[in-house]
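Enquirer: Okay, here's what each chain looks like letter by letter:
Protein chains: 2
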Amino acid sequence: MKFISNQRNLTNKINIAQRAINVKSTNELLRGLKISAKDGGLIISAYDAEISIMTSVEADVQREGEIVVNSKLFGDIIRKLPDSFVEVETDDSMNIHIKCLSSNFTIKGMDASRFPQLPKADEDSNIYTLDNISLKNMIRQTSFAVSQDPTKSILMGELFEVDGNKMTLTAIDGYRFAVKSSDIENSPENIRSIIPGKTLNEINSLLEEDGNVELRFSEKNAFFRINDTLISARLIDGEFIDYKKLLPREHTTRIRVNRRELLSSVERAALLFMSDKNNLIKLSIEPGALTIRSNSDIGNVHEVVDIELDGNNLDIAFNSRYIIDGIKHIEDEEIYIDFTTNVNPCVIKSIDKDEYTYLLLPVRS
Amino acid sequence: MKFISNQRNLTNKINIAQRAINVKSTNELLRGLKISAKDGGLIISAYDAEISIMTSVEADVQREGEIVVNSKLFGDIIRKLPDSFVEVETDDSMNIHIKCLSSNFTIKGMDASRFPQLPKADEDSNIYTLDNISLKNMIRQTSFAVSQDPTKSILMGELFEVDGNKMTLTAIDGYRFAVKSSDIENSPENIRSIIPGKTLNEINSLLEEDGNVELRFSEKNAFFRINDTLISARLIDGEFIDYKKLLPREHTTRIRVNRRELLSSVERAALLFMSDKNNLIKLSIEPGALTIRSNSDIGNVHEVVDIELDGNNLDIAFNSRYIIDGIKHIEDEEIYIDFTTNVNPCVIKSIDKDEYTYLLLPVRS
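If you read the protein sequences in the order shown, they are chains A and B.
No gaps in the numbering here: position 157 of the first sequence is 158 in the working numbering, and each next residue is one more.
No gaps in the numbering here: position 226 of the second sequence is 227 in the working numbering, and each next residue is one more.
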């Protein structure tokens, strides 16, 4: 294998592929990038059990071939080279020679034939198209609510649904859930799959603000095409909770409140908790005023926030961390919070749009 | 005690005082800020064994008094309050009531009379004045070479000298040393003190680009006045190494080299070392060219850098980390490196100025 490529392009694409590398993998091959040089350019591939990334780089390929190289070492070297042309050549002993201006590296490569086969989408499968920013928002506004509990493997993923012209992501961790929808243009078929939260976060980091992403699904994988990068996400087997059943049908108390003011007040009330446990804050809802109280060994706080109340007065308690998460991930200036009783979940949503819902269980105080 | 102050001013000054807080201190009082309200304003003080900070805040003091409050909790609360006026009041049970718009906190205070006395400068002691940027550079260009070895307590400090019109900071860790001087206007008396490196780094972070700093010395402490903040640094007892004796009197090889090119080449050569040990790079100096080589289990590299050579050819080896440190902390575009033999130290310095010297011991390869 021998090729010449541009240092900057190569660096960018290595950065992309490295998102699929699990540096803690005990399998040396899986800490590697596979580089395939074919007439017309390079394909850089990376793979771990949950995610694979394949991206292409322009290059002048002088001899075709492929090799696997330690991702960190190769990435660090290419990144540190001057912004110029880089020549990469392998020899019969699987050494990789890297030249750039007056820099010359020789590092060990690994046998590319031992690198795992990456999952591939069926050429005939349906394509769903979505703009990057919508997918970014869907991931950003839900993925924080993915469960971190490895005994609940299904809840470590998000439910990815296509239903008619609506694409929806849902994350649940047992105490709260976050749902975000976007309209899509083409919806050849309904979909219901579970994608690992960690993979969605990697995809989010690869999405620029502009452009579109193309999605395909197979039985075992979801595929995301972002420009010339193809990502596969291994789906989680199992049946996701029917979250729609958890949504209260009605509310008896609705408040309308400035989101930033509420967020600041709850964040201040949470300051009295030095640890993650027992972050209990109490809300008292009356016409015109929401009073937030919290108590701990180190002091107490009460905060008053202006609200518009529609419905009954209510006293209810929440874990401050979970209520902060919900308020933080809405963008609107004002939000609604709907309640029924102090043992039923509340629902946080935006004023105008029906696209985002955050449901939160209260704490019995 | 009762006062009203501005949230933003108070936050800024808490941020300053917190630099002297050791959050790991087992003494609750030393994790606290002492707030003294007197006619005209507040004094916020913080103290640990090595450093104390005292800073003043404008406030409308309605009842004089003083209290100690947990630094983290008080800082977090004030920082999160809205940008408005904050009322702070203590009661007879040493509770502290904090009010700001519709936020109300009550937290526990501690008895201020138990707070340690801060070191004070003798009113008659000499004052040395230096511009902030010079002191910042002196600290930045030397403190990285302070020893981290607690068994060498003297070398965990920097030698602070005033000799005639020259102020000099020197750090040595046994393998290399860094010396930086600045001219000062007034030099009432020569000084030779050892200031902990950690304290100097805190002082650096408090220095803005503009303005001047005033220094005083007592037997046990150095005092730095930066605007309305007074910092005391406990001096380290003992005799600092006579670094001037270590400086080679002459050189038989001098190279002139572009600093950034050399830095990049050495950084690349260092990439082959995954751990901190044995980071050996070999330099071969010939007319016009410096060749850098390194070898490790994972590969080898050679780099060529253009130089101007004055003197003899030389082969010499260094720990790459130490040579990188030295080159990184000079600002000049081109530098000199002076050598004698491959078992004697080399000296890195700027082309124009005589103010900075970095001495580095070679490794026998």
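Source of the hints: derived by calculation from the structure; they are not laboratory data.
Just so it is clear, CB atoms sit at the ideal spot from N, CA and C, and this is done for glycine as well.
Among these hints, one or two may not hold up.
With the Cβ distance kept under 8 Å, some of the chain A side facing chain B (calculated, not the full set) [claimed, not checked]:
| id | residue |
| --- | --- |
| 1 | D77 |
| 2 | I78 |
| 3 | K100 |
| 4 | S104 |
| 5 | I108 |
| 6 | D112 |
| 7 | R269 |
| 8 | I299 |
| 9 | V302 |
Enquirer: Each hint needs a verdict: does it hold in this structure or not?
Expert: Outcome of the hint check:
1. Evaluation of the D77 of chain A hint against chain B yields a held restraint, the C-beta minimum of about 5 Å falling below 8 Å.
2. About 6 Å separates the beta-carbon of I78 of chain A from the nearest beta-carbon of chain B, less than 8 Å, and the hint is met.
3. Given hint, K100 of chain A at the interface with chain B, is violated; its Cβ is 10 Å from that chain's nearest Cβ, farther than 8 Å.
4. The closest approach between the C-beta of S104 of chain A and any C-beta of chain B is roughly 5 Å, which is under the 8 Å cut-off, so the hint is satisfied.
5. Below 8 Å, beta-carbon pairs count as interface contacts, and I108 of chain A has one with chain B at about 3 Å; its hint therefore holds.
6. A cut of 8 Å between beta carbons decides the hint on D112 of chain A: the least distance to chain B is about 17 Å, and the hint is violated.
7. For R269 of chain A, the interface hint holds, since its Cβ comes within 8 Å of a Cβ in chain B; the closest pair sits about 5 Å apart.
8. The closest approach between the C-beta of I299 of chain A and any C-beta of chain B is roughly 6 Å, which is under the 8 Å cut-off, so the hint is satisfied.
9. Restraint check, V302 of chain A versus chain B: the minimum CB separation of about 5 Å is within 8 Å; hint holds.
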